[in-house]
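Trainee: These protein sequences, in sequence, are chains E and A.
All residue numbers for the first sequence refer to our numbering, where the first residue is 212 and numbers rise by one.
All residue numbers for the second sequence refer to our numbering, where the first residue is -15 and numbers rise by one.
Among the clues, some could well be false.
So these bits of chain A aren't anywhere near chain E, every CB distance computed over 12 Å [what the hints assert, rightly or not]:
# : residue
1 : 0
2 : 30
3 : 45
4 : 180
5 : 241
Covered stretches of chain A, as calculated for chain E (at least 3 residues, CB under 8 Å) [to be verified]:
#  : region
6  : 31 to 44
7  : 82 to 89
8  : 100 to 109
9  : 185 to 194
10 : 210 to 220
11 : 310 to 322
Hints were generated in silico from the structure; no laboratory data involved.
For glycine and all other residues, C-beta sits at the position ideal for the given N, C-alpha and C.
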Amino acid sequence: MKIIVCVKQVPDTNEVRINQETGTLIRDGVPSIINPDDKNAIEGALALKDIHGGHVTVLSMGPPQAKEALKEALAMGADEAVLLSDRAFAGSDTWATSTILAAAIEAIGGYDIIFCGRQAIDGDTAQVGPETAEFLNIPQVTYAKHIKAVGDRVQITRYTEYGDYVIEAKMPLLLTAIKELNEPRFPSVRGIFKAYSTDDVKVWTLDDLKIDMTQIGLKGSPTNVFRSFVPVKEKNSLIIEGQNGKEKAAALINKLTDLKLV
Amino acid sequence: MNRAKVNQGNNLADYHDVWVIAEQNEGKIHPVTIELVGEGRKLADSLAKKLAVVVPGADAEDEARKLLHYNVDKVYYIKHPLLKDFSTEGYALSISELILEKQPEVVLLGATSIGRDIAPRIAGKVGTGLTADCTKLEVDGEDHKLLQTRPAFGGNLMATIVCPKNRPQMSTVRPGVMEKAAYHQEIHGKLEIFIPSLKEEEIRTVLIEKVKSDKKKVNLIDAKVIVSGGRGLKAPEGFALVRALAEKVNGEVGSSRACVDAGWIEHLHQVGQTGTTVRPDLYIACGISGAIQHLAGMSEAKYIVAINKDPNAPIFKVCDYGIVGDINEVIPAMIEAIDKNGSFEI
Ligand SMILES: Cc1cc2nc3c(=O)[nH]c(=O)nc-3n(C[C@H](O)[C@H](O)[C@H](O)COP(=O)(O)OP(=O)(O)OC[C@H]3O[C@@H](n4cnc5c(N)ncnc54)[C@H](O)[C@@H]3O)c2cc1C
Ligand SMILES: Nc1ncnc2c1ncn2[C@@H]1O[C@H](COP(=O)(O)O)[C@@H](O)[C@H]1O
């Protein structure tokens, strides 16, 4: 089974701070991590490989430092890693990113399953997986929480607000993983040693891909950021004073009763 | 590969109307559709355009017709036996076909697990940009472009996105954020049936089973009062306290992600960026620190009450009323005070 996993390196949003004046991200000192859902995607791919055998390629588009994320994936057990890095890719929105990822997936070729995370925690769009599937003209199942491969078919349990759907599809197809899918494994000591002692990450640039330049980068992206700002909350918080919890609770309930909230 | 492209120099003046793609399950319309109709009306009015709702389905004509009561100019009912159950390709193909034929200027979908599944495929088929999970939509006063505002970086930053050169301008919109359209007895719009050219082999997935969850439905979105518990509860048993208070105030039980991750309560109860966005009249946060991802889902509540033993907890910055104290003492005392004050009717 040949599996390709799309992995994004993202800033840890628990640590993100914003420059209040410029409304931009302070990236200094903010650790970069593999996007959490993508770790579930990697684990999903490795688990299928454990059962059915095969080959797992991890694929990322990003600046040279995104190599770190791919190395971590190699340490977890992926067989091959490709980083797509080129100035021409900068400023890509989901359309352009999916265009580039789809071109790279075509270049790798011969795949059975493409895995993505459901959504990346920086942009939170959940669009790159489905758009990539669209450009590859393959079916997709998003929000996957359980996966089973039988012959040339895959059976997926997918979350919906109405209850889970069990869906079956023939390979090739694209899946997006949610947290409920699995518990990502930790890299093994041997894996870490191998991934970090060699430089096994292939780096591809624009020249390595067959791609329509009008569909990528800042210029090719149909959506642009018009402005960004820090959300402000103007609240007059009142901390209720009192001798003890009982007094405070009674004062609070009186206030809420006055407001007809209770 | 033959795929749609963006930036093909299309004439923007050829596109009209604001569309809402309805979500229905077994003939029942999802509440986010009514929210989008409310918001779509405002946008259509400020663009001086018409508002249409699109309902794909097999047996949903009656439900589709009902949408005319929400001050809608037109309902397109996309009718096909293959649209009986949801499938990504069946829905995306037939909605795209209608979009390409009628050329709407704005297309809105709910940012549900279904909407976020098909919207990117629709955008991919018609060749336009898509903005995910918007919490605010406005029309630019100057050139009438759609300003689509959404949280990024877990709500630390808000970004306003535009789609200047391609049409339709498409967004998915977060459920629970926009105000619902009002029901009117009289109608002025019409229902039009559209038969898509869908073929069975175009749908490459098979729905084997819908797993009905027999659990009680948690309705956080419509709740007027929510009592939420966080890691401060210390153990799953802590939710008994939260539940008791919720019952007293006729509220639903919410939770932070920490408790869901710890397995104390189901994900259905989670409020926040990766849970549900809520806007109740009253939100009572018990033992919740107020991480940005949690605030992203509840800061629109009319009144926020925070109970936390750490006076520096960030939740106190966004609350209306705060109590610095131990929930094990404060919650029982609140219940007692309510009993003393008499009935607790909303
Ligand atoms: C990508 C991403 C998405 C996320 N999405 C969400 C989301 O949707 N929703 C969400 O909630 N979180 C989300 N989180 C997690 C979020 O960052 C926080 O980790 C989480 O909200 C913390 O939950 P908490 O407030 O219950 O726990 P803690 O931060 O541990 O806070 C517990 C609080 O309880 C107080 N406390 C302890 N004991 C008592 C007591 N006896 N009486 C009173 N107070 C007490 C403490 O002072 C503390 O403030 C997300 C994180 C990431 C990275
Ligand atoms: N630059 C990228 N490189 C590789 N994969 C990506 C990239 N951006 C997004 N993805 C994949 O698409 C998923 C959804 O991302 P997003 O649409 O940005 O929320 C991620 O979880 C990744 O699997």
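Trainee: Hint by hint, say whether it matches the structure.
Mentor: Cross-check of the supplied hints:
no., hint, verdict
1, 0, "19 Å, holds"
2, 30, "17 Å, holds"
3, 45, "21 Å, holds"
4, 180, "17 Å, holds"
5, 241, "10 Å, violated"
6, 31 to 44, "violated (count 0)"
7, 82 to 89, "violated (count 0)"
8, 100 to 109, "holds (count 9)"
9, 185 to 194, "holds (count 7)"
10, 210 to 220, "violated (count 0)"
11, 310 to 322, "holds (count 9)"
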